[in-house]
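Kindly generate the complete structure, drawing on both the sequences and the hints.
Position 468, counted from 1, in the sequence shown is what my numbering calls 468; the numbers after and before it change by one each time, with no gaps.
Any given hint could be a false lead.
[Said to hold, decoys possible] Label pairs and their computed distance ranges (CB to CB): (1) Asp20 x Glu101: 54 to 60 Å; (2) Arg124 x Thr91: 19 to 25 Å; (3) Asp6 x Asp267: 43 to 49 Å; (4) Lys317 x Asp267: 42 to 48 Å; (5) Asp20 x Glu202: 47 to 53 Å; (6) Glu54 x Glu101: 42 to 48 Å; (7) Ala253 x Pro53: 15 to 21 Å.
[Unchecked claim] Straight-line alpha carbon distances no greater than 30 Å define the calculated DSSO-like cross-link-like pairs of lysine-lysine that follow: (8) Lys317 x Lys305; (9) Lys195 x Lys382; (10) Lys142 x Lys468; (11) Lys317 x Lys437; (12) Lys227 x Lys382; (13) Lys341 x Lys305; (14) Lys317 x Lys347; (15) Lys111 x Lys201.
Simulated from the structure, these hints should not be mistaken for lab results.
Even for Gly, the Cβ is constructed at its ideal location relative to N, Cα and C.
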Amino acid sequence: MPHDHDVDERIARVRLALRDACQDHVLSYVDAGLATPEETASLLTQIEALDLPELNRIFNGLGIEPSASVAAAAGNDEYAPLSDLASVDTTSPALLREWEEMGLDAIGRGKVAALVLSGGQGTRLGFDGPKGMYDIGLPSGKSIFQLLAERILRVSALAAERFLRSPEGKDCPNEGSTRKHIPFYVMTSPLNHEKTQDFFKENNYFGLCPADVFFFRQSTMPCFDLKGKLLLESPTSLAQAPDGNGGIYPSLARTGALADMRARGIDAFHVFSVDNVLIKVADPTFLGFCLARKSDCGNMVVWKKAAEEKVGVMVRKNGRPAVVEYSEMDTSMTTLREAGKAGEEGKLVYGAGNICSHFLTLDFVEHVVLPRFGAVYHAARKMIPALPTSFASTFPVTVTEKVAGVKLEAFIFDVLPFSERVALWEVRREDAFAPVKDAPGSGSDTPERAREMLSAEAVRWVGRAGGKVVGQGEGGGEGGRGGEGSEISPLVSYRGEGLGERVGGMEVALPIRFLDA
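What follows is the structure, encoded as structure tokens:
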């Protein structure tokens, strides 16, 4: 501990800041002499890390009404379906190839990064650990993290092949020193940061260069009571909670991840959720589409399979592209359909399901999002374990209780309305979206359903490469089923390419298993 005089000066500075923010109660235990020097130092450090005026501004902007049981809905928002959604099903093969080449070129020139949102635990899956460490039961036994890393390796190799075909690559006397790899940014949480890092180290980063993997923690925000007073989980510790996946933006700046991207020459990155095992990491077609549109922000969607599916939906909200959570939409919106053909049900009008797969430029994040980010926080009203707010007048109180309070949360898609050039891209569900959220045998987003979809993808790829799939259970059609137990390693093929030499003109028995490159 510093000299007492230094501690006194530090306490005085913090006290003044708390008084100006009307948060004097935070030092009550310190002032009553009930905190040890170590506890006092810890609390001061926590407070000094806060921007108190900004926190007050954010809370006051939420319009919290202490007497209300739930937050009042805005009620004045105007919604309209999307009018500028491009789709893989309505785009010509030639244009798709052009966008893919643009994306591969950007990857090969070192202009693109990949970023996974992996702060969550596998609690709902019955798994004690970071969700990315989960094994969904593939024949290879690969974890989700390994699948993602191997897709990065494969698409990097495809970009390298394209680079060497280009004039830039042919003119380069030493292409290895010029061609770049995709850096992989892994956003963790305070709960799983060390365990995630250790898992990558223990597995030799799944073939990635350790220097190209950057781990950073998701931000937390302090919790408030309904009157805007900071809550304490103990006499000398603030109550804090993760700030939602939208916390990626301040976290990128705070941890140096954004600066690291700048130093590498990165212009944009593909960000996605860890629990989607079908995601094509750094998808070159999606990247090329966004680059061709000169977009600063892009969003990938799949069409909802049913009105009841619990995913957010891309809409026009007050004239701007936005994601509306399914819980915020009334039944008249979720069930509204276009007129269908005779005897057929029409397509959902509000069906562009958000799958947490986004394109973002560094300029957009740094110069547009971060200066305005305080305006996007939502109030999540919860019963929060904390000291009772009356503790300052009833010493000593050391036992927490459930206090009605507010957690500040933001979603990664909250910044879409900030963009003037949002690129909206619809893909097929069976190619891009297999979430793993529910425990085996329960719900719809289970590990077994994800395995089915990966197996069906393997069967489709072999069929498209000229192989004749034979055996019981053959299939793998657009419905996403068939060929159970099949697996093609991402190191073998990123999206079905390169299989012709293995299977062209041959009979391929189920289950298909190409597990090694």
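(message) Holds or violated: Lys341 and Lys305, Cα atoms, limit 30 Å.
(response) holds (18 Å)
(message) For the hint 15 to 21 Å, verify it against the beta carbon of Ala253 and that of Pro53.
(response) The hinted range 15 to 21 Å holds for Ala253 and Pro53, with Cβ atoms some 18 Å apart.
(request) Would you mind confirming whether the straight-line C-alpha gap from Lys317 to Lys437 stays at or under 30 Å? (result) Holds: Lys317 and Lys437 sit about 28 Å apart, inside 30 Å.
(message) With the threshold set at 30 Å, check whether the alpha-carbon distance from Lys317 to Lys305 stays at or below it.
(response) Given pair Lys317, Lys305 holds - Cα atoms ~22 Å apart, limit 30 Å.
(message) Hint check: Lys142 vs Lys468, CA-CA at most 30 Å. Holds or violated?
(response) holds (27 Å)
(request) Please test the hint of 19 to 25 Å on the beta carbon pair from Arg124 and Thr91. (result) violated (36 Å)
(request) With a cut-off of 30 Å on the C-alpha distance, tell me whether Lys227 and Lys382 pass. (result) Given pair Lys227, Lys382 holds - Cα atoms ~14 Å apart, limit 30 Å.
(request) Would you check the hint for Lys195 and Lys382, treating anything up to 30 Å between C-alpha atoms as holding? (result) With a Cα-Cα distance of about 28 Å, the restraint between Lys195 and Lys382 holds, given a limit of 30 Å.
(request) Could you see if the CB distance from Asp6 to Asp267 stays within 43 to 49 Å? (result) holds (45 Å)
(message) I want to verify a distance hint. Is the separation of the beta carbons of Glu54 and Glu101 within 42 to 48 Å?
(response) At roughly 44 Å between Cβ atoms, Glu101 and Glu54 fall inside 42 to 48 Å, so the hint holds.
(request) Determine whether the Cβ-Cβ distance between Asp20 and Glu101 falls within the hinted range of 54 to 60 Å. (result) This hint holds: roughly 57 Å between Cβ atoms.
(message) Taking 47 to 53 Å as the stated bounds, is the beta-carbon spacing between Asp20 and Glu202 within them?
(response) holds (48 Å)
Checked against the numbered hints above, the structure violates hints 2 and 4; every other hint is satisfied.
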